[in-house]
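Please construct the entire structure, taking both the sequences and the accompanying hints into account.
Chains E and G, in that order, give the protein sequences.
Take UniProt numbering: the final residue in the first sequence is number 482, and no numbers are missing along the way.
Take UniProt numbering: the final residue in the second sequence is number 482, and no numbers are missing along the way.
If you're looking for bench data, these hints aren't it; they were derived computationally from the structure.
If you're wondering where the values come from, they're calculated on a predicted model, not measured in any experiment.
Residues on chain E that point at chain G, a partial pick, calculated with CB under 7 Å:
id, residue
1, G201
2, K291
3, D387
Which bits of chain E does chain G cover? Going by a derived footprint, with three or more residues having C-beta under 8 Å, they are:
id, stretch
4, 101-113
5, 173-186
6, 441-447
In this text, a Cβ means the ideal position worked out from N, Cα and C, and glycines have one as well.
Protein chains: 2
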Amino acid sequence: MDNADLFLAEAADLLGERGFTRDREIIEPWLTDWRGRFKGEALGMASPASTEEVATFVRLCARHSVPIVPQGGNSGMSGGATPDASGTTVLLSLRRMNRIRSLDNDAGEVTCEAGVILQDLHEAAEERRLRFPLTLGGKGSATVGGLVSTNAGGTQVLRHGTMRNQVLGLEAVMADGSVLDTLTPLKKDNRGFDLKQVLIGSEGTLGIVTAATLRLLPEIGERKVIWVGQNSLQDARRLLLHFQNLAGDSLEGFEVIPAHSLAAVIDHLPYARSPVEGKHAWHALIELTSKAGETEALGALAEEILGKALDLGILNDAVIAANETQAEDFWLLRESIAPAERAIGPAMQHDISVSVSRMADFVDEISPTIEKRFPGTKAVAFGHLGDGNVHFHVLAPSGSTGGEWEHTQGKEISSYVHDLVTEWGGSISAEHGIGQIKRTELGRLGDPVALALMRSIKQALDPNGLLNPGKLVPLAQEGSTP
Amino acid sequence: MDNADLFLAEAADLLGERGFTRDREIIEPWLTDWRGRFKGEALGMASPASTEEVATFVRLCARHSVPIVPQGGNSGMSGGATPDASGTTVLLSLRRMNRIRSLDNDAGEVTCEAGVILQDLHEAAEERRLRFPLTLGGKGSATVGGLVSTNAGGTQVLRHGTMRNQVLGLEAVMADGSVLDTLTPLKKDNRGFDLKQVLIGSEGTLGIVTAATLRLLPEIGERKVIWVGQNSLQDARRLLLHFQNLAGDSLEGFEVIPAHSLAAVIDHLPYARSPVEGKHAWHALIELTSKAGETEALGALAEEILGKALDLGILNDAVIAANETQAEDFWLLRESIAPAERAIGPAMQHDISVSVSRMADFVDEISPTIEKRFPGTKAVAFGHLGDGNVHFHVLAPSGSTGGEWEHTQGKEISSYVHDLVTEWGGSISAEHGIGQIKRTELGRLGDPVALALMRSIKQALDPNGLLNPGKLVPLAQEGSTP
Numbered sequence: 001m002d003n004a005d006l007f008l009a010e011a012a013d014l015l016g017e018r019g020f021t022r023d024r025e026i027i028e029p030w031l032t033d034w035r036g037r038f039k040g041e042a043l044g045m046a047s048p049a050s051t052e053e054v055a056t057f058v059r060l061c062a063r064h065s066v067p068i069v070p071q072g073g074n075s076g077m078s079g080g081a082t083p084d085a086s087g088t089t090v091l092l093s094l095r096r097m098n099r100i101r102s103l104d105n106d107a108g109e110v111t112c113e114a115g116v117i118l119q120d121l122h123e124a125a126e127e128r129r130l131r132f133p134l135t136l137g138g139k140g141s142a143t144v145g146g147l148v149s150t151n152a153g154g155t156q157v158l159r160h161g162t163m164r165n166q167v168l169g170l171e172a173v174m175a176d177g178s179v180l181d182t183l184t185p186l187k188k189d190n191r192g193f194d195l196k197q198v199l200i201g202s203e204g205t206l207g208i209v210t211a212a213t214l215r216l217l218p219e220i221g222e223r224k225v226i227w228v229g230q231n232s233l234q235d236a237r238r239l240l241l242h243f244q245n246l247a248g249d250s251l252e253g254f255e256v257i258p259a260h261s262l263a264a265v266i267d268h269l270p271y272a273r274s275p276v277e278g279k280h281a282w283h284a285l286i287e288l289t290s291k292a293g294e295t296e297a298l299g300a301l302a303e304e305i306l307g308k309a310l311d312l313g314i315l316n317d318a319v320i321a322a323n324e325t326q327a328e329d330f331w332l333l334r335e336s337i338a339p340a341e342r343a344i345g346p347a348m349q350h351d352i353s354v355s356v357s358r359m360a361d362f363v364d365e366i367s368p369t370i371e372k373r374f375p376g377t378k379a380v381a382f383g384h385l386g387d388g389n390v391h392f393h394v395l396a397p398s399g400s401t402g403g404e405w406e407h408t409q410g411k412e413i414s415s416y417v418h419d420l421v422t423e424w425g426g427s428i429s430a431e432h433g434i435g436q437i438k439r440t441e442l443g444r445l446g447d448p449v450a451l452a453l454m455r456s457i458k459q460a461l462d463p464n465g466l467l468n469p470g471k472l473v474p475l476a477q478e479g480s481t482p
Numbered sequence: 001m002d003n004a005d006l007f008l009a010e011a012a013d014l015l016g017e018r019g020f021t022r023d024r025e026i027i028e029p030w031l032t033d034w035r036g037r038f039k040g041e042a043l044g045m046a047s048p049a050s051t052e053e054v055a056t057f058v059r060l061c062a063r064h065s066v067p068i069v070p071q072g073g074n075s076g077m078s079g080g081a082t083p084d085a086s087g088t089t090v091l092l093s094l095r096r097m098n099r100i101r102s103l104d105n106d107a108g109e110v111t112c113e114a115g116v117i118l119q120d121l122h123e124a125a126e127e128r129r130l131r132f133p134l135t136l137g138g139k140g141s142a143t144v145g146g147l148v149s150t151n152a153g154g155t156q157v158l159r160h161g162t163m164r165n166q167v168l169g170l171e172a173v174m175a176d177g178s179v180l181d182t183l184t185p186l187k188k189d190n191r192g193f194d195l196k197q198v199l200i201g202s203e204g205t206l207g208i209v210t211a212a213t214l215r216l217l218p219e220i221g222e223r224k225v226i227w228v229g230q231n232s233l234q235d236a237r238r239l240l241l242h243f244q245n246l247a248g249d250s251l252e253g254f255e256v257i258p259a260h261s262l263a264a265v266i267d268h269l270p271y272a273r274s275p276v277e278g279k280h281a282w283h284a285l286i287e288l289t290s291k292a293g294e295t296e297a298l299g300a301l302a303e304e305i306l307g308k309a310l311d312l313g314i315l316n317d318a319v320i321a322a323n324e325t326q327a328e329d330f331w332l333l334r335e336s337i338a339p340a341e342r343a344i345g346p347a348m349q350h351d352i353s354v355s356v357s358r359m360a361d362f363v364d365e366i367s368p369t370i371e372k373r374f375p376g377t378k379a380v381a382f383g384h385l386g387d388g389n390v391h392f393h394v395l396a397p398s399g400s401t402g403g404e405w406e407h408t409q410g411k412e413i414s415s416y417v418h419d420l421v422t423e424w425g426g427s428i429s430a431e432h433g434i435g436q437i438k439r440t441e442l443g444r445l446g447d448p449v450a451l452a453l454m455r456s457i458k459q460a461l462d463p464n465g466l467l468n469p470g471k472l473v474p475l476a477q478e479g480s481t482p
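Next up, the structure:
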């Protein structure tokens, strides 16, 4: 405890009043993940204002063997930014580092500090008639550092890839307090291992991202947002291929929504209604975009593709949003599924992916299997069909009590879903990461060779285990390696 | 030697006659890089036929502590696939593993073994009306394994990225003989560190790539290949921006050729002539492509863009190739620069990159500086302006003798060029990799933090130094770290 006192005094001295706090009221909100599933304790919260301060603070932590939990907007889905209950770690908030350091229109590049909020980045790009091609529900709180560290996905991955695809350069503080600076983007650079790739998606376990250079694209000309009613997920898969063939690069997103989820949203949201008449087993939400200056053809293209799809019998009904307000309304339906499904009652949620071409088969096969094996449950899949990534929720039998069910049958269901997705060659975490919520499952189901490599890399870059302990990398005893 | 004999006997036993040879005549061509700059020795050459054979052979080598030099088409530029002179290593050719395991048209994915030759991959894709969007001069010998291991570039990077961007999944044998299999491509997969990214570009020092799943794109509709005469590299830079703004995704490549290089090619190639009339200080070679089914507009687009450029005064003359034969002729001029410049006399060649926006300034500033500092030399820059990557050759003063000049003044020139490019925040190896040719320079000029991380990762994944020793990763004593 003497040692802790010394550390705390040095931290306060180093970072000043704004930079280090033990004030319970200030820290409290950041000790729990936003979903309220994980709660931890911390010695204090550091909020450095510069990369140099992060580096100095990390060296201080290293000297005192104080583990660090880096945190951005605290809007992660896997508890990756929540400290454990020991109270021996320190929270490291990057939120104060929220400066856009530079934006180069010609090059289409922006250098942001880790604390820049996604929504602010979107606005900064729009002001310059550019856009940052990644978005997700938590854009009002998610930060660049968190997005990079979790290799975030979202609804534009089909066309533009995950966060990894947007990162041109990184700045990160390593476990020994050294600063890796690869911010200057070089389109071609073969000077050895691409170290930024090791850090992207490593959830703060290998280094602390302090800034990133990201690519920006020209603003779009126009978008057409389409809502479709269909008979089956197989038809949605056919429609996806149909759009990929005929719309090519204009296809920006392709999401699927089952009848159950749409009904839940309509119950949940005031004024919400289905964009299409009648009942359909499945719905698809499709977005097409055109380049700036090429606005005329997009509506005609959308109508042509939909007309052909109707002739092929792979959709029942389709509506193209008449204006931006309606387009936003369509997307609001999609974005409200998760909260609407949660409002119904307890459910186990799985963020899974398989090959794009096999996702429809997978859902069609495993949904009835699960409902049969666990009577009274209801399996609901929705989301990013175009990425082979659905959010697969299994709703508890009616009358189940949340916490209790989740820890008994719920747990069994999740293991079963993860077993199945692994058998199908898929991923138990498509976009939400591992954090603390899936570390044991990764240890149980991960490829032993991959797990061994991950442990070796973790050991090499953070030999004293100071960076985000208890996250992502399964311990050897959790693994299936002998 | 007893031990070596035992190893050789076991290797022969394991791989059979086709799989392991000590026949000098067979091995000889593979002991020298194709440019003839490096020559090594080897205990023998293994040519396993399957991933399982590679894995078993690696375990055999590990047991006997025999270092392995993996080799594909032996067309690398940096000696990365040539063994050292000790004769204690074994060559591991992946050329026999040349099967295309699967090709999925709908998904746009092909799984190739490491030994598949790039040209064969192009042809397999074309047969299915798809294309693999990476090409380079050595396509007739370069293999998929080598392309992945060196993160190869080429002339389509501007639009499609380097090899890293094409790799959806990998299979690799690690130093302990375990097999990492990430071949099944998942568009979204956040199960921890992206291990394939660590292997891409690691030049066989961390693992041996045995297969890769690569992305394929739809075939193009049409291409327009344009040759332009200009007054300056700054005008070429302006023209690049002009094309990027107006042609967007249709812009596939943008190469620059100085008058000196064009003259060298015309001297070197029978029947070659300049596509444009008159004398111009610089030339640009530009390729536009259209999607299949959208062929009509491309010619009009090219003419419109060139017309506006002429009005802006950023070009003197331009010719659009009238047909495919002429288009090929234009590209032949570009691809003949390296051999034509070599035919003139000794030169130091530098494969360098800086930010795309600074490349013209860089060349304009350093070329006269070098010619002044080393009287009689001539600096020539050509290549991928659109990627911020030029091949920067410094020709010896006339009368210099190749080998002698290269080892005295030539060496001094290269150090100086590398110093300058490092000062400008650029890369001393844009696309050719480090291999053995630039390892010392990387140790001298590399960021100490990056070098330390590279050494840690190398140590973690290949603790006994069995994989491609002496390549890429600078030894600690070569580094600038204390």
